[in-house]
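The numbering of the sequence shown is numbering that gives the first Met the number 0, which starts it at 0 and goes up by one.
Since the hints were made in silico from the structure, they are not lab data.
Any given hint could turn out to be false.
Claimed, not checked - Think about it this way: if two alpha-carbon atoms lie no more than 30 angstroms apart in a straight line, the pair counts; the simulated DSBU-like pairs of lysine-lysine are: (1) 267 / 235; (2) 281 / 184; (3) 209 / 226; (4) 226 / 273; (5) 209 / 232; (6) 235 / 182; (7) 273 / 209; (8) 301 / 72; (9) 232 / 133; (10) 280 / 145; (11) 235 / 145; (12) 281 / 145; (13) 235 / 209; (14) 267 / 301; (15) 133 / 145; (16) 133 / 273; (17) 72 / 232; (18) 182 / 145; (19) 226 / 72; (20) 182 / 281; (21) 280 / 267; (22) 281 / 301; (23) 301 / 280; (24) 182 / 301; (25) 145 / 209.
Every value quoted in this text rests on a predicted model; they were computed, and no experiment measured them.
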Amino acid sequence: MDLAFSKNSVQLFSAWFGRNGSVESFVKEEVRRPPFPCAKITTLPCCSPEEQGIDSERIQRFYERLSREDSIKMQTVIIARNGRIVSRAHFYPYSTDIWHVSYSLAKSLTGLAVGLLYDDGLISPDDRLLDVLKDNVPPAARITHKNTTIHHLLTMQTGVFFNEFGAVTDTDWVRAYLESGVKFKPGTSFEYNSMNTYMLSVIVNRIAGKSMTELLRERIFEPLGIKEIYWEKCPKGYEKGGWGVYYYPDDILKIGLLYLNGGVWEGKRLISEKWIRESTKKQIGTPDETGVYDYGYQVWCKQDRSTFLFNGMFGQN
Numbered sequence: 000m001d002l003a004f005s006k007n008s009v010q011l012f013s014a015w016f017g018r019n020g021s022v023e024s025f026v027k028e029e030v031r032r033p034p035f036p037c038a039k040i041t042t043l044p045c046c047s048p049e050e051q052g053i054d055s056e057r058i059q060r061f062y063e064r065l066s067r068e069d070s071i072k073m074q075t076v077i078i079a080r081n082g083r084i085v086s087r088a089h090f091y092p093y094s095t096d097i098w099h100v101s102y103s104l105a106k107s108l109t110g111l112a113v114g115l116l117y118d119d120g121l122i123s124p125d126d127r128l129l130d131v132l133k134d135n136v137p138p139a140a141r142i143t144h145k146n147t148t149i150h151h152l153l154t155m156q157t158g159v160f161f162n163e164f165g166a167v168t169d170t171d172w173v174r175a176y177l178e179s180g181v182k183f184k185p186g187t188s189f190e191y192n193s194m195n196t197y198m199l200s201v202i203v204n205r206i207a208g209k210s211m212t213e214l215l216r217e218r219i220f221e222p223l224g225i226k227e228i229y230w231e232k233c234p235k236g237y238e239k240g241g242w243g244v245y246y247y248p249d250d251i252l253k254i255g256l257l258y259l260n261g262g263v264w265e266g267k268r269l270i271s272e273k274w275i276r277e278s279t280k281k282q283i284g285t286p287d288e289t290g291v292y293d294y295g296y297q298v299w300c301k302q303d304r305s306t307f308l309f310n311g312m313f314g315q316n
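Please work from the sequences and hints to get the whole structure.
Quick look at the structure:
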């Protein structure tokens, strides 16, 4: 276990179970998101399943099976083909007009933001993390992270100890990440860690000179008609990157279709085909317990190359 994380954990538990019973938060208490917006949702064109060669009765049986399955707490299902929505279902108490919170599905949005800077020639997967950050790099990091690249961050190959649990006990996640040790030589193994995606968010913020949300809004969200989206931020003001996005299901569907269309939306290219291709192909194999998916650039890729997946906790796909 990383020493810094161990130290902060001891301090936290000491506060919880101290003699005076007082508890002091490591992170400033504040509202994590604004109220649900009332903006009108821009949806894709709709048609009947049969117009797209799909049996509507088969979809109905699928929904009925989902509703009977106690182990699956469904919220929303949207089925689209050829750019048209053929069916949607919302399971009480969820509906179309409320935000859903994203867990690790948010990682694919961060990967998309990195791709925009790649297309602009401002960043490369081969760039070293320390060369990009430049300032305020702890001395120890020049040894432990000297060979860590953006490619390693994108593909979960950094081996860093600092993770989401460590973030609970620290207010400066960049410093904590850089001061953390590594479990293995970067680039030699896969280990899923949301703080790698957080560091990508920091990189996007610094290189773009604006927030990652603002960059995506200008280049991706507005062309797709995505009106309202919110991303939780770390104590230092950077988007969390690996989680914490609030969105409408219709809007995430549009992001998925953008990838399926190779980066083109309504005849206009928003992201390069090369970045989409690199993101959705196998960059590294994964352990057997992850199932039949390998990992690309913040996207899960099925081993038979038939599908790719934006994936988040509790069945966000």
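### Task
Identify every previously stated hint that the structure contradicts and give their numbers, smallest first.
1
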